[in-house]
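> Residue numbers (the working numbering), protein chains in the order written: chain U, 20 to 170; chain V, 20 to 170.
In case anyone wonders, no lab produced these hints; they're calculated from the structure.
Any given hint might turn out to be false.
Same chains, same label: a pair holds when it works inside one copy or across any pair of copies.
What the hints assert, rightly or not - Taking lysine-lysine and the DSBU-like style, the derived pairs with C-alpha atoms no more than 35 Å apart in a straight line are:
| no. | residue 1 | residue 2 |
| --- | --- | --- |
| 1 | K162 | K44 |
| 2 | K76 | K44 |
| 3 | K162 | K76 |
Protein chains: 2
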Amino acid sequence: MEDEKPFAPPGTAHELEEGTAFTPKFDADGLLTCVATDARSGDVLMVAHMNAEALAKTLATGEAWYFSRSRRALWRKGEASGHVQRVIEMRVDCDQDTILIKVEQIGGACHTGRRSCFYRAVPLGNGGAVTLEFRDERVFDPKLIYPKGTR
Amino acid sequence: MEDEKPFAPPGTAHELEEGTAFTPKFDADGLLTCVATDARSGDVLMVAHMNAEALAKTLATGEAWYFSRSRRALWRKGEASGHVQRVIEMRVDCDQDTILIKVEQIGGACHTGRRSCFYRAVPLGNGGAVTLEFRDERVFDPKLIYPKGTR
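Starting from the given sequences, assemble the full structure and let the hints guide the process.
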């Protein structure tokens, strides 16, 4: 794996917030948080992480690459499932530690088979135990899409 | 500060993904990632963190509370600025480590004065240095809203 350090180090808070230099602020583990939304509906599809290499590949290819914290591995979204994300627009937040990508999502973003990972509502205002409410149906069968537990 | 432990511990991956028990999976620092979107437009406004107390207060009050990692403090959104977030709907993701709230945002979500923290686009496909493109104007003057550097 090549060692990519394609991004300049973060500057002052003012430079980060009001500048035009893209200097992403990776955390202690070398990661940014990335929110992916459906470019058409605006729905939040998933939240994942990118290291510098995943971010550079996403910028270069226009397809979403992430870094899996559980597998400690670079991860091209849709590599196993075919459910790739074509990036229509990328945004960065004020302090440049979070990325937003608006994507064309093939199939579903969630490995459980739903279009979005956020398929359950958390009802407000209840004390005590909270019971989740399912809101979204599966759009694919994960057993058919992910052989051998891959994603 | 009271010690709130209002949430049951996470179960198996299957229970987390397909169950109806809300058992949020806080990270090693006791935090969840939270994405706030504009309930009307669907735009992503900000990404921040909640500890168990912030999550419990958000559920109980229907207004967004966060935990500031930089200030190590519970933070009622809008406490200094008046730019509170009324939660219309809360969702949780497949593995219950990320929360999505759809909010009515008074004023702007971003301390820089913009409606959303994601006010700059990152152009795709360019090698080398990336120049950000400003997309959103300020909706308030942070100098007037945050006296003495508060948020």
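> Now, for every hint given, state plainly whether the structure supports it.
Against the structure, the hints:
no.: 1; hint: K162 - K44; result: between (37 Å within a copy, 25 Å between copies)
no.: 2; hint: K76 - K44; result: both (17 Å within a copy, 30 Å between copies)
no.: 3; hint: K162 - K76; result: within (29 Å within a copy, 38 Å between copies)
Figure legend: structure checked against the earlier numbered hints; every hint is met.
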